[in-house]
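K.L.:
Sequence:
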Amino acid sequence: EFLGRQDVPYLIGNDDAELKRVGGVERIDYNAALLYMDGGFVQRYRKMHLVPFTEYFPYEDIFPGIYRWLKNADTHFWEKGEDPTVFEAGGVKFSTPICFEDTFGYISRKFVLNGAQVIVNLTNDSWSKSVAAEMQHMAMSVLRAVENRRSVVRSTNGGITCTIDPNGKIEAMIDPFIQSYLVADVPVYEEETTLYTLWGDWFGITSVLLAVMALNAGLVYRITRRKKIPG
Numbered sequence: 001e002f003l004g005r006q007d008v009p010y011l012i013g014n015d016d017a018e019l020k021r022v023g024g025v026e027r028i029d030y031n032a033a034l035l036y037m038d039g040g041f042v043q044r045y046r047k048m049h050l051v052p053f054t055e056y057f058p059y060e061d062i063f064p065g066i067y068r069w070l071k072n073a074d075t076h077f078w079e080k081g082e083d084p085t086v087f088e089a090g091g092v093k094f095s096t097p098i099c100f101e102d103t104f105g106y107i108s109r110k111f112v113l114n115g116a117q118v119i120v121n122l123t124n125d126s127w128s129k130s131v132a133a134e135m136q137h138m139a140m141s142v143l144r145a146v147e148n149r150r151s152v153v154r155s156t157n158g159g160i161t162c163t164i165d166p167n168g169k170i171e172a173m174i175d176p177f178i179q180s181y182l183v184a185d186v187p188v189y190e191e192e193t194t195l196y197t198l199w200g201d202w203f204g205i206t207s208v209l210l211a212v213m214a215l216n217a218g219l220v221y222r223i224t225r226r227k228k229i230p231g
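In terms of our numbering, the sequence shown opens at residue 1 and continues consecutively.
Hints were generated in silico from the structure; no laboratory data involved. A portion of the hints provided could be inaccurate.
Claimed, not checked - Using 30 Å as the maximum straight-line C-alpha spacing, the simulated DSSO-like pairs for lysine-lysine come out as follows:
#1 Lys-110 x Lys-20
#2 Lys-169 x Lys-110
#3 Lys-129 x Lys-71
#4 Lys-80 x Lys-20
#5 Lys-169 x Lys-129
#6 Lys-80 x Lys-93
#7 Lys-93 x Lys-71
#8 Lys-110 x Lys-80
#9 Lys-129 x Lys-93
Starting from the given sequences, assemble the full structure and let the hints guide the process.
P.N.:
Structure follows, in structure tokens:
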């Protein structure tokens, strides 16, 4: 009812459930971002990289008894999403890594490759009462902005809500642990495709491999040189 009276888009972090029939009827829950426009639901993104033990149990196949016990004890686990959704509102295409998904570069890279012009991070950092922890989490979004040359908007319920330009500069920010709101201009930049967006983590992996090869070559040279020196 509330959303039906609004004339602006609303992006909301929420549970997204569906019913599946596998033998019986089973409810499947996803950690999701939901977009509402013109008073109605438009599109969803389901979190793809879940946090082990808090959002899913990674050893369900190995320890099915423990998994069933946890489920029977009303432990709430999510299912993993598969689609790197790109939303569109107001002529701007954006994607929404949820909470700690902004710490993984490959996720934001997928969004940008799919056409996202802006990254919007929806974060629940209310569990942390440490300013240092909030700053460290925000720093991950700075990296995502620079890696892909995209603006990042962070909306948090206890962390640091801010906007970050494509150069990694924090343009506007709200202090953590206060009730407030942020109104800011967000630059939409897509003139360049970065090396990271094109090649991902391969540059870093290749650099490490070359460094290891160079180190090994140096060690081999020193060993063979010592053997040639008469002693």
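K.L.:
Each hint should be assessed against the structure and marked as holding or not.
P.N.:
So, going through the hints one by one against the coordinates:
Distance check on the hinted pair: Lys-110 and Lys-20 sit about 28 Å apart at the alpha-carbon level, within 30 Å; holds. As the CA atoms of Lys-169 and Lys-110 are separated by approximately 22 Å, the hinted pair is consistent with the 30 Å bound. Distance hint between Lys-129 and Lys-71 is fulfilled; the C-alpha atoms sit about 29 Å from each other, no more than 30 Å. Proximity of Lys-80 to Lys-20 is assessed by CA-CA distance (about 15 Å); at most 30 Å being required, the pair is judged to hold.
Taking the CA atoms of Lys-169 and Lys-129, the gap is about 25 Å. The hint holds against a cut of 30 Å. Restraint check for Lys-80 and Lys-93: satisfied, since their Cα atoms lie roughly 23 Å apart, inside the 30 Å limit. Pair hint Lys-93 plus Lys-71 does not hold up; C-alpha atoms about 37 Å apart against a cutoff of 30 Å. Taken as a hint, the Lys-110 and Lys-80 pair is honoured in the structure, with Cα atoms around 16 Å apart against an allowance of 30 Å.
The suggested pairing of Lys-129 with Lys-93 is violated, with an alpha-carbon distance near 33 Å, which exceeds 30 Å.
Violation of the numbered hints given earlier is confined to hints 7 and 9; the remaining hints are satisfied by the structure.
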